[in-house]
Amino acid sequence: MSKLRFFYSKVKLHWGFTVRAKGATAAQPAMILPPPTSVVGAFAYPLARLLGLPEGQITGKKGRERAVITPIFECFIKSTKGASAGLDPGSRTGLSTYMEVTRIIGLVYKTGGQVSEALKAPLQEAIPLIMPVQPVGSTYGPNSILHIAALIDVEELAKCLGVSVGEVDDYGLKSCYGVSRLGSKEGLVSVLEADYGEPEYAEGDINTIGYVPASLASKKVPELFTSIYLYDLDYRLTEYIVLGGRLSSQTLITPPPRLTGTTLTLTSGSKAFYLKAHDDLKVVSVVK
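Note that the working numbering numbers the sequence shown so that position 182 is 186, with each residue one more than the last.
Read the hints as simulated data drawn from the structure, not as lab findings.
Just so you know, these numbers come straight off a predicted model, no measurement behind them.
Each residue gets a CB set at the ideal place from its N, CA and C atoms; glycine is no exception.
Careful, some of the hints might be misleading.
When the alpha-carbon atoms are kept at most 20 Å apart in a straight line, the in silico PhoX-like pairs for lysine-lysine are as follows [to be verified]: (1) Lys7 <-> Lys280; (2) Lys178 <-> Lys292; (3) Lys163 <-> Lys85; (4) Lys7 <-> Lys85; (5) Lys178 <-> Lys7; (6) Lys16 <-> Lys178; (7) Lys16 <-> Lys82; (8) Lys189 <-> Lys16; (9) Lys82 <-> Lys7; (10) Lys292 <-> Lys82; (11) Lys82 <-> Lys163; (12) Lys26 <-> Lys189; (13) Lys292 <-> Lys85; (14) Lys7 <-> Lys223; (15) Lys189 <-> Lys7; (16) Lys85 <-> Lys280.
DEER-style ranges, computed between Cβ atoms [as the list claims (entries may be wrong)]: (17) Pro58 <-> Val195: 20 to 26 Å; (18) Tyr102 <-> Pro136: 16 to 22 Å; (19) Gly170 <-> Asn147: 34 to 40 Å; (20) Ser219 <-> Glu104: 31 to 37 Å; (21) Glu204 <-> Thr269: 28 to 34 Å; (22) Ser231 <-> Leu192: 24 to 30 Å; (23) Glu78 <-> Ser184: 19 to 25 Å; (24) Leu54 <-> Leu192: 34 to 40 Å; (25) Pro139 <-> Tyr233: 32 to 38 Å; (26) Ser184 <-> Pro226: 33 to 39 Å; (27) Pro58 <-> Pro261: 41 to 47 Å; (28) Gly249 <-> Gly166: 41 to 47 Å; (29) Tyr102 <-> Gly170: 43 to 49 Å.
Put together the whole structure using the sequences plus the hints.
And the structure:
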């Protein structure tokens with residue numbers, strides 16, 4: 005039996021989700037689709053709870069550009085070979101990223117004479133110092149339907165977590181049904197369908213509704229695809245290509261058309277992993 009497992013969920017968004025750019029302190033732009041790290045997190049949270057694992061202390065890791073993750077989640081990230089997400093062709097709504105201008109409590113971050121200046125200034129002058137304006141982004145898609153999937157080396161994951169492969173397999177499907185959010189805790193979702201198991205794979209020409217690393221595939225029909233930038237599993241901003249409607253862009257993704265032919269050609273060594281019952285969504289990765 006293969007050591008690879010495919011985690012799959014088809015979810016409906018309640019309002020949308022929030023996954024913001026790492027390290028942003030002023031303007032906080034958001035990702036238009038949940039990046040691989042957020043997809044893995046969606047499955048990791050219920051699986052860790054089912055396995056009875058503690059969250060652990062948050063630590064900063066060198067080599068991840070000071071990314072802050074828990075030891076448990078690091079196990080999931082290290083054992084993940086790929087992840088993807090995409091809009092359902094039948095979704096009645098798409099996804100749109102919007103930056104909402106709001107005020108934050110900024111006085112606590114002021115230093116030196118700025119604090120005394122803010123406290124002594126007239127009210128109309130003090131407000132911008134005490135509560136500066138900050139654009140905060142989220143992705144909106146009320147009732148949008150998304151497919152999400154992660155390809156995980158179950159042996160590597162089980163060893164890192166200190167559990168058996170059998171335990172992971174026992175709870176694998178339950179964890180796919182247990183997905184409750186994307187991104188931050190407010191990004192609630194409802195699971196419509198779920199599946200878990202050993203994946204099949206395809207090479208050469210494929211079709212998928214999910215995003216694919218731009219370096220691993222070439223577009224057969226360029227006008228059907230949009231380039232987007234998301235954080236990969238190493239927290240690096242990476243170019244992905246995703247099937248979408250004609251209006252799709254970096255800040256707007258419309259539901260993709262239903263296609264019967266192939267739209268992508270994989271590079272040499274790349275494979276598209278999927279579950280037979282849900283082959284619309286494939287995870288493209290280089291796995292030996």
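Hints versus structure:
no.	hint	in the structure
1	Lys7 <-> Lys280	holds (17 Å)
2	Lys178 <-> Lys292	violated (28 Å)
3	Lys163 <-> Lys85	holds (16 Å)
4	Lys7 <-> Lys85	holds (11 Å)
5	Lys178 <-> Lys7	holds (19 Å)
6	Lys16 <-> Lys178	holds (17 Å)
7	Lys16 <-> Lys82	violated (28 Å)
8	Lys189 <-> Lys16	holds (15 Å)
9	Lys82 <-> Lys7	holds (14 Å)
10	Lys292 <-> Lys82	holds (16 Å)
11	Lys82 <-> Lys163	holds (11 Å)
12	Lys26 <-> Lys189	holds (17 Å)
13	Lys292 <-> Lys85	holds (11 Å)
14	Lys7 <-> Lys223	violated (30 Å)
15	Lys189 <-> Lys7	violated (31 Å)
16	Lys85 <-> Lys280	holds (19 Å)
17	Pro58 <-> Val195: 20 to 26 Å	holds (25 Å)
18	Tyr102 <-> Pro136: 16 to 22 Å	holds (20 Å)
19	Gly170 <-> Asn147: 34 to 40 Å	holds (38 Å)
20	Ser219 <-> Glu104: 31 to 37 Å	holds (33 Å)
21	Glu204 <-> Thr269: 28 to 34 Å	violated (19 Å)
22	Ser231 <-> Leu192: 24 to 30 Å	holds (29 Å)
23	Glu78 <-> Ser184: 19 to 25 Å	holds (21 Å)
24	Leu54 <-> Leu192: 34 to 40 Å	violated (19 Å)
25	Pro139 <-> Tyr233: 32 to 38 Å	violated (18 Å)
26	Ser184 <-> Pro226: 33 to 39 Å	holds (37 Å)
27	Pro58 <-> Pro261: 41 to 47 Å	holds (45 Å)
28	Gly249 <-> Gly166: 41 to 47 Å	holds (45 Å)
29	Tyr102 <-> Gly170: 43 to 49 Å	holds (45 Å)
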